[in-house]
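A.B. asks: The primary structure of each chain is shown beneath.
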Amino acid sequence: MIKKLFFVSLLINVLPVISQTEKSKEPLQVVKPSDTNSPLVPPDSTVAVDNQADTTSAAKFNLPIFSTSGADADADMDNQDVSGLLQSSRDVFTQFASFQFGVARYRMRGYASENQQVLINGVNVNNLENGTSTWSSWGGLNDVTRFVESRFGNGPNRLAFSGAGGYTNIDSKASSFRKGTRVSYANANRIFRHRTMITHSTGMMQNGWAITLSASNRVGDQVYLPGTYINANSFYASIDKRWSDRHTTSLVAFNAPTEQGRTTAEQLEAFEITGSNYYNSLWGYQNGKVRNSSIARTNRPMMILSHIWNMKDGAKLTASASYNWGEYSISGLNWNNSPNPRPDYYRYLPSYYYRQGETAKGDAQTQLWNNDVNTRQINWDRLIAMNQANLYTVPVQSGGVNTTETRSRYILENRVENLKNAGLTLIYNKRIEKLFISGGLNANMYKNNRYKTIEDLLGGSFWLDYDQFAQNLGVDATYQQNNITTPDRKVKQGEKFGFDYTTNVNHGELWGQGEYSFTNLDVYAGVSLASSQIYRTGNIANGKFPTTSKGDSKKLNYLNYGVKGGATYKIDGRNFITANGSYLTRPPEVNNIFVSPRTRNDIVNNGVSAENIASMDISYLAKYPGFKVRLTYYNTAIKNQVYYRVFWSDEYNNNVNYLMTGVNQQHQGVELGLEKTLFTAHVIQGVFGYGNYYYTNRPTAQAWQDNNNTQLFSDRTVYLKNYRIGGTPQTVAGLGYRYNGIKRWYAGITYNYFAQNFLEPNPDRRTAEAVQKYTSTDPMYKQIVEQEQLPDYFLVNANAGKSFRIASKYILNVSLTVNNLLNNKNIRNWGYEQMRWDYSDVTKFGEKYQYMPGATYMAMINFTF
Amino acid sequence: MKKLIYINTLLFSILLFNGCKKKADTPPTRDLADGTTYSTSDLKTIATCSNACNHRFINEAYFKGVVIADEVSGNFYKEIYVRDAQNTGGIHMTFTVSRSNLFIGDSIRLNLKGYDVNLNASSGMLEIDSVNFERNIVKFASGANPQPRILSLSALSGTNSYSSYFCDLVTITGVSFIPADTNKIFADAIYQQSINRTIQDCGGNPIVVRTSNYAAFAQQKTPKGYGSITGIATAYGTTNQMQIRTPTELNMNGASPCFTYIKKDFNDNSITSGGWNQVSVTGSVVIWSTATFGGATFAKISGFVGTNQLSENWLISPAINLAAASNPILTFQSAAKFAGNPLEVWASTNYVSGLPSTATWTQLSGFNLGATSPGYQWAASGVTSLNAFKNTNARIAFKYTSTTSGATTYEVDDVVVREN
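Chains as they are written, first to last, in this note's numbering: chain A, 1 to 865; chain B, 866 to 1285.
Just so you know, the hints here were simulated from the structure itself, not pulled from any lab data. Among the hints, erroneous ones may be present.
Claimed, not checked - Label pairs and their computed distance ranges (CB to CB):
{"hint": "1", "chain 1": "A", "residue 1": "Y652", "chain 2": "B", "residue 2": "S987", "range": "44 to 54 Å"}
{"hint": "2", "chain 1": "A", "residue 1": "D372", "chain 2": "B", "residue 2": "Y1079", "range": "25 to 35 Å"}
{"hint": "3", "chain 1": "A", "residue 1": "D372", "chain 2": "B", "residue 2": "N997", "range": "49 to 59 Å"}
{"hint": "4", "chain 1": "A", "residue 1": "N299", "chain 2": "B", "residue 2": "Q1057", "range": "31 to 41 Å"}
{"hint": "5", "chain 1": "B", "residue 1": "T1024", "chain 2": "A", "residue 2": "Q789", "range": "54 to 64 Å"}
{"hint": "6", "chain 1": "B", "residue 1": "V962", "chain 2": "A", "residue 2": "N374", "range": "24 to 34 Å"}
{"hint": "7", "chain 1": "A", "residue 1": "D650", "chain 2": "B", "residue 2": "T1113", "range": "25 to 35 Å"}
{"hint": "8", "chain 1": "A", "residue 1": "N374", "chain 2": "B", "residue 2": "D907", "range": "47 to 57 Å"}
{"hint": "9", "chain 1": "B", "residue 1": "Y1079", "chain 2": "A", "residue 2": "Y652", "range": "46 to 56 Å"}
Said to hold, decoys possible - Examples of chain B residues lying across from chain A (beta carbon under 7 Å, computed):
{"hint": "10", "residue": "A889"}
{"hint": "11", "residue": "D890"}
{"hint": "12", "residue": "D896"}
{"hint": "13", "residue": "F1005"}
{"hint": "14", "residue": "A1009"}
Said to hold, decoys possible - Where chain B lies over chain A, by a calculated footprint (3+ residues, C-beta under 8 Å):
{"hint": "15", "region": "544 to 554"}
{"hint": "16", "region": "838 to 846"}
{"hint": "17", "region": "854 to 863"}
Because the structure is a prediction, the values reported are computed rather than measured. Note that the Cβ used here is the ideal one computed from N, Cα and C, for glycine as well.
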């Protein structure tokens, strides 16, 4: 790494600083890949346990990074006031992070997305339960989410109080768009095959109205990864009415109903026996047709009604009411008293037999994997046949023998989150000479109803609403009932079953910020005070916890605060030094507060205290015509987090709720980005990010059985200190060259290097109990405890495009991007350790990985008139 | 330019400050001091039957060894045998669940804390029951190739008894399955019966080969030949037995140098058991009967019944199948006293029943008989070839005669027809 760093340093020194008088009118653009919103590989960081317990939040680690893509960004209010330091996409490091490193699951500074605030027209759209922002909510609406004000890291924010990860505000008001129509079509081989978008905007009309409409469609069927598909539409409508110079009302509504067949991570063995690094176990043939079992569906519209009042004294007040509602669901197989239907279940892999010394059976299983698609993939036809053959008489209803109805052994279920989130936002901005004050108020009432529905009975007549893991406890027949008011209920297609609970968050926040400019020094300071009330409401009483599953849980109240401040010292007109710091507290992720949120109201440790985040960064920036550089050192400590997973435990032969409290982590590192323009047309960019993200303490773990009140253990020390945070390369480097032709064409190539990529550790493997039978010299000790580092790798990407002006009125753009130009299909860039593991043999439930796709392209044409 | 140099300096200083990778935390382990490892002989001593045949470990201690029998073939189930690292012997470990994933050649370490080590009072095997392999056994290496201890049944005695090999991997040399147990299934997987088969050496010393009906090789057949057999030396109650790991470890293809077609030792106090028969031609009061002297049981005949009798009595063996024999021989022990006709030995291939005169007999010679003076001294016969009688209906007979002038008393024991 040092060597690479030296190379980059050398580059800086060698490049002559040629000052250029003519400022390029068009800001440097890397062509916007359409698909930053949906990651190339659909996320499935779910810990694939043997049954339905998937709890790892996938969205949490898809850190959104936006880039503006137009000179129109200059239309931002008070742009000229921002000391030229607003770190928008024009920051070369951020550009690389989003367009070049995004595919590698690179998270800037290692932050989870909860640390970055995302706003639409000033309204916070981060999920109130876990802080994440799901960019897929407006996937495909590229045309109307282009105008972005973004600042990564600590810094001033005139729209809200943001902390370590900074913020992004999407300006999506109808009047922000120029009059005109834009039609675009893209063809790609990544997620979608075809994307069509159309947007029309009236601009601000004479009568004070502005209307913008946009729609898009993305479709793809097994485009790159077998069994995956996408079927997505997006709609957007916005109407602005300017009542007077002082008052404007704006209504924005959008929805992006999306359906996506997913892929999953696998053990290396599965890739090896199938001979493909893109093996996907989630699909199979039904009646000769490919069917995916894991389908993510989003249908979550959002409406924002804003009123903007430009007061006489120059102050501006924006009041917005927002409502965000709808469903998000993921489907998956569930089964009762039948063999596991997942083809990659560990007992179906040849290694299961080889491990037992049963070589002949192992060889036979290998043969099956090689030759029988129904072994490799889900055998839907067999599941259906088994269901159809399962005539079943419910014991309590045994007046006669049931000869007509079959009980499904296998079903496809949907795990649904049905959201209702109403919000009110007030933002006040005012300039008083050299002081700029901002302040605001947010209030939200958030209710997220989680339940299961039956997507498909797979040929059976009904599914019994039992907890199959409680059946074996069978002392009392009611124990297994998921809903004691409707015992032995036969669930039909589309009906709710299983669990049904709502997480409630009532949130209010008051914040303020002042920015002051001295001659050579800009300073700012901000504060925030927030109150949250969090509780669970059980909508049904189950037989396991008849008294604690229904109704409201204890209401947890959090009073949180945040402070931040910073200064920019202007050495001269070209060189700046800026330093920022922030400290804030926030409630833990709501789902992690409960011992077993799906089944009961019990609260971890009878209440978990707030997380806190302390962050600082210091940067040096130089901005010369034709040359710019930013160097940043950052250091962020995130403390007192709660970690929660549900997984199948062999030891307890049950689903286990695993909780870790008091998790501390630290993120520090250096970012360097530089850009040099040579002879107007040649642009060289270089970035280097050295990160060091690790856990800093020994958290405490506890575990609870899912189907009874037993605490399996508590106060177990997890020896996690100095383990690396997984899931992102911690060190990256990029080098780009771009040529801008005279006739509005360009071509570019980038080289990107990724290093220090670790697997997120399974905490249970880092306990004294996990290694209790080993001595420090046993090879297994190292196998269990040591964190896996993925191999370093590099990617070469290229892009080119041309813009035509037709009749000086119309613009036609064509562009092409190619990722992974060398078509390297052996880049294993992400993985995780399974929570389920075997004390004697860690390879039995080995690590699961994903490979990065080989060469992929996207070709786009758009026409603006 | 100056600033750029400054940047570099800053960059490097930050990296130097933070660049060193911090060592990841490690959970504590229980590294025990030397001297807390117990060998098999240590355990036998500590669990001695003067101490209830049992010892419970309350503190942490280790047993280290190599797995010598695993569950793969199915002949062992929820159990393994392990030979200690000190090579003093084996131990039997049972599990409450199967599929321990511990295989022959795996080097393992068991933390003895909380376990009872038993010296089984009836069998004498060293055992640890209900071992939680998941929690307490560590496989720290694999691929060892533990070699069997080699023993011969005839050499067993005293401290070298079979029980001193219990739970260990042994190879017994110079044995074959007894004729009744050759070419038979090891166990009955169909009717779910474990089966005992018997092997014996040239001296006729037997041992039981016990096979579970769950063994993958249960339906395979026992070999006919002579050679060596490898397995775990065990006992069931007081019966010594051996459990094989796989039939491929039976090297019993050779022709037997000592295949015993028939052995009559009269220890059952019967003259006629096994198909023997005596035919009195003359003087029916003179008959063979069993007698015991000095711990040995044998057949005895005397022509002196009140007075010397005139008699002719044949003790005829059952039909012996010597059709496939290569070099069959006869051996026996005899003792005698008093003057009279010497005992004769005859052989036939066509005798069926009734008087000896109904068949053709050939007199055999060249064997030693016990001397009549001083008398009752056992003498081995030496080897008498039966090469001339390779027939499915070969029989031998001891022809006793006495006259009124002389009647020798003869004692005969351990009549063996075997391959030489």
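A.B. asks: Honestly, which of those hints from before does the structure not fit?
C.D. replies: Per hint list: 1, 3, 4, 9, 14, 15, 17 violated.
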